[in-house]
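Quick mapping for you: the protein sequence lines, in order, are chains A and B. Going letter by letter, the first sequence gives residues 1 to 285 in this note's numbering. Going letter by letter, the second sequence gives residues 286 to 563 in this note's numbering.
Note that these hints are calculated values from the structure, not bench results. Do not rely on the hints blindly, as some may be mistaken.
Over 10 Å on every C-beta distance to chain A, these chain B residues come out as not near it, computed from the model [unchecked claim]:
hint	residue
1	334
2	362
3	374
4	420
5	468
6	476
7	550
Cβ-Cβ distance ranges computed for the label pairs, FRET-style [stated by the list, open to error]:
hint	chain 1	residue 1	chain 2	residue 2	range
8	B	417	A	183	28 to 36 Å
9	B	468	A	141	33 to 41 Å
10	A	105	B	317	43 to 51 Å
11	A	141	B	416	51 to 59 Å
12	A	182	B	417	51 to 59 Å
13	B	522	A	135	37 to 45 Å
Quick caveat, the model's predicted, so the values are computed rather than measured. For glycine and all other residues, C-beta sits at the position ideal for the given N, C-alpha and C.
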Amino acid sequence: MAPPATQSAVVGTGATRLPGAVGSGSGPQSSLERFFATSAGRVGARLLLIALILLAWEYAPVARATRFWMSSPSAILGTLWDWLFDGTIWAHLESTLLVMSEGYVVGCVAGVGIGFLLGFFSRLSRVLAPLLAGFYALPKIALAPLFVILLGVDNSSKIALVAVTVFFLVLTSTIDGVREVDRNTVNALALMGATRTEIIRKVLIWAALPWIFTGMRLAVRYAFTTTLLAELIAANRGLGFLIELNSGNFNTTGAYAAIVVVIICSVLLTELLSRLESRMSHWVS
Amino acid sequence: MNDLTPARAVAADAGTPAAKIRLLCAEKTFQVRGQDIEALHPTDLDIRPHEFMALVGPSGCGKSTILNMMAGLMRPTAGEVLYDGQPVTGPNRRVGYMTQKDTLLPWRTTKDNIRIALELKSHATPRAEAEDRVRQMIELVGLKGFENHTPAELSGGMRKRAAMARTLIYEPETLLMDEPFGALDSQLKLLMLDQLQCLTQHRRMSVVFVTHDLGEAITLSDRIVVLSARPGRIRAIHDVKLERPRDVFKVRFTPAFSEQHERLWDELKDDIIKGTDV
Ligand SMILES: Nc1ncnc2c1ncn2[C@@H]1O[C@H](COP(=O)(O)OP(=O)(O)O)[C@@H](O)[C@H]1O
Ligand SMILES: [Mg+2]
Chain A
1 MAPPATQSAV VGTGATRLPG AVGSGSGPQS SLERFFATSA GRVGARLLLI ALILLAWEYA
61 PVARATRFWM SSPSAILGTL WDWLFDGTIW AHLESTLLVM SEGYVVGCVA GVGIGFLLGF
121 FSRLSRVLAP LLAGFYALPK IALAPLFVIL LGVDNSSKIA LVAVTVFFLV LTSTIDGVRE
181 VDRNTVNALA LMGATRTEII RKVLIWAALP WIFTGMRLAV RYAFTTTLLA ELIAANRGLG
241 FLIELNSGNF NTTGAYAAIV VVIICSVLLT ELLSRLESRM SHWVS
Chain B
286 MNDLTPARAV AADAGTPAAK IRLLCAEKTF QVRGQDIEAL HPTDLDIRPH EFMALVGPSG
346 CGKSTILNMM AGLMRPTAGE VLYDGQPVTG PNRRVGYMTQ KDTLLPWRTT KDNIRIALEL
406 KSHATPRAEA EDRVRQMIEL VGLKGFENHT PAELSGGMRK RAAMARTLIY EPETLLMDEP
466 FGALDSQLKL LMLDQLQCLT QHRRMSVVFV THDLGEAITL SDRIVVLSAR PGRIRAIHDV
526 KLERPRDVFK VRFTPAFSEQ HERLWDELKD DIIKGTDV
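The shape of chain A in the complex, shown without the other chains (with noise of 0.2 Å):
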């Protein structure tokens, strides 16, 4: 009989306690509370965490091999400050940045008009589509070791693999727009006496824009993973390479400098992204 009593008795005093500590602690607590929904408050709350993590890396009592292992915040720091002023960072961040963008630019442009061909064309794609599907469910990074043996350790084939990989999602929601395209629609501008060249140009064109749109958002973090992998698998610049070059050195701190620049770089990425789509929604929809 005790242990449900005791029970019943816990519940009852949470049940009481409840109310009681809204009513009379509402005071600090709410103004807290207020404090984290404002917008200074969150970052405060997002600094004050970050810096108790921090603090918490520095200073906490571990052995020595689990130091090195797990290096510390202001050995980080320095490496990065170092790399900052002897140009490290900057010559493999250029690098990095390069063969992204180039390998986006080539996939973008290959994969839109690729995909407007095949979207028009309906037999074409209907013969190749098989090929296609194949070659879009293929992890393109499983071509690297491929491409190096091609292209070389050099640049060439890392903006080949990003190229390929922004090519295979930008030509498939390219095609989706085409094909998506309001039959009616299509129908309303032939009887008016349009061309197929007009229709095209008049209709297929606009409708499929926000596809590819949503196609060339997605690349775009696609694009830096693949060249961070392409990095890591063969390469003699990059953050990628970085990161492998450190590790392969057992060179702990200068392997979590490169990640944290690679974070740096992806949330500046994202960031961007987001400023980009709030403006372009405008006057896609």
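Following the hints, put chain B with the ligands in place on chain A, whose structure we already have.
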């Protein structure tokens, strides 16, 4: 094929007035999940040149299907559709078709949507003249002040009117209209009927006009085709004996109008009640 030959012979005969559009035993069956749905029973119908013809009938009796076949967007399952005596095999560029669901381009403004036909090579128009005609059309359908709105920013009735302006602007010789004024309030509807009557009479267009509204049909038409519930077939064809020009605002109050309305309603009411499954 054999049973079509006499009808063709009649069409070719110089004595009878040539039909603008002719359905010859045209029938349409849709396949829906392996099931045959007979939308239109084999039907013969002539639309005379410069005639205003209304199609009325319960929902789902094949009115839109008939227009789609006349526009060449659908082939009859059997039988034939002739336009000026020629079989319609592809999109029929001689007709302007205002579909039941509008097909305005969502990325274009009202004004740019209305202008689109004039941008095409087949109706090539100098820019200044095109602008002029667009302005006239916008005024005619009462969309002044909404020139720069996109379709998403227009009400259902406004979209219908924009679609109508887009079809009328290039003055097709034949007009197919599928419930063009369904979404309009009755005042505006009368104004639109008036404009439509002026334009089609003035340009001597042939018109096939689908509607639910018997009053609308009587006000505008030379003949009214009454279709029965699915599978659609022609139940009767009524001549409207009201002289032209008609005053769309007043003609409804004349005895001839009421009498016509009554006769049509008698024809339709059983089917309307049967056909309300949609
Ligand atoms: N594309 C289609 N596929 C299948 N069934 C259709 C199609 N279009 C119309 N139908 C059917 O054919 C019949 C007639 O349709 P419709 O011509 O649109 O009728 P109405 O315009 O008189 O309301 C309806 O029963 C409809 O469900
Ligand atoms: Mg219909």
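Outcome of range test on Cβ distance (residue 182 of chain A, residue 417 of chain B; 51 to 59 Å)
Check failed, 30 Å falls outside 51 to 59 Å.
Looking at residue 468 of chain B again, its CB stays over 10 Å from all of chain A?
18 Å, holds
Status of the given 43 to 51 Å range, CB of residue 317 of chain B versus CB of residue 105 of chain A:
47 Å, holds
At the C-beta level, are residue 141 of chain A and residue 416 of chain B separated by a distance inside 51 to 59 Å?
Because 55 Å falls inside the window, the suggested range holds.
Tell me if the beta carbons of residue 417 of chain B and residue 183 of chain A are separated by a distance inside 28 to 36 Å.
Cβ of residue 417 of chain B to Cβ of residue 183 of chain A: about 33 Å, so the range 28 to 36 Å holds.
Cβ separation check - residue 362 of chain B to all of chain A, threshold 10 Å
19 Å, holds
Evaluate the condition: distance from the CB of residue 476 of chain B to the nearest CB of chain A exceeds 10 Å.
25 Å, holds
Beyond 10 Å from each Cβ of chain A, as asserted for residue 334 of chain B:
20 Å, holds
Compute the least Cβ-Cβ separation between residue 420 of chain B and chain A, then decide whether it is above 10 Å.
Per Cβ check, residue 420 of chain B is outside 10 Å of chain A; nearest 20 Å; holds.
Do the beta carbons of residue 522 of chain B and residue 135 of chain A sit within 37 to 45 Å of each other?
Violated, since residue 522 of chain B and residue 135 of chain A (Cβ atoms, about 60 Å apart) do not stay within the stated range.
Confirm or reject: residue 374 of chain B is not an interface residue toward chain A, with every Cβ-Cβ distance exceeding 10 Å.
13 Å, holds
Just checking, residue 550 of chain B versus chain A, shortest CB gap more than 10 Å?
33 Å, holds
Checked against the numbered hints above, the structure breaks hints 9, 12 and 13 and satisfies the rest.
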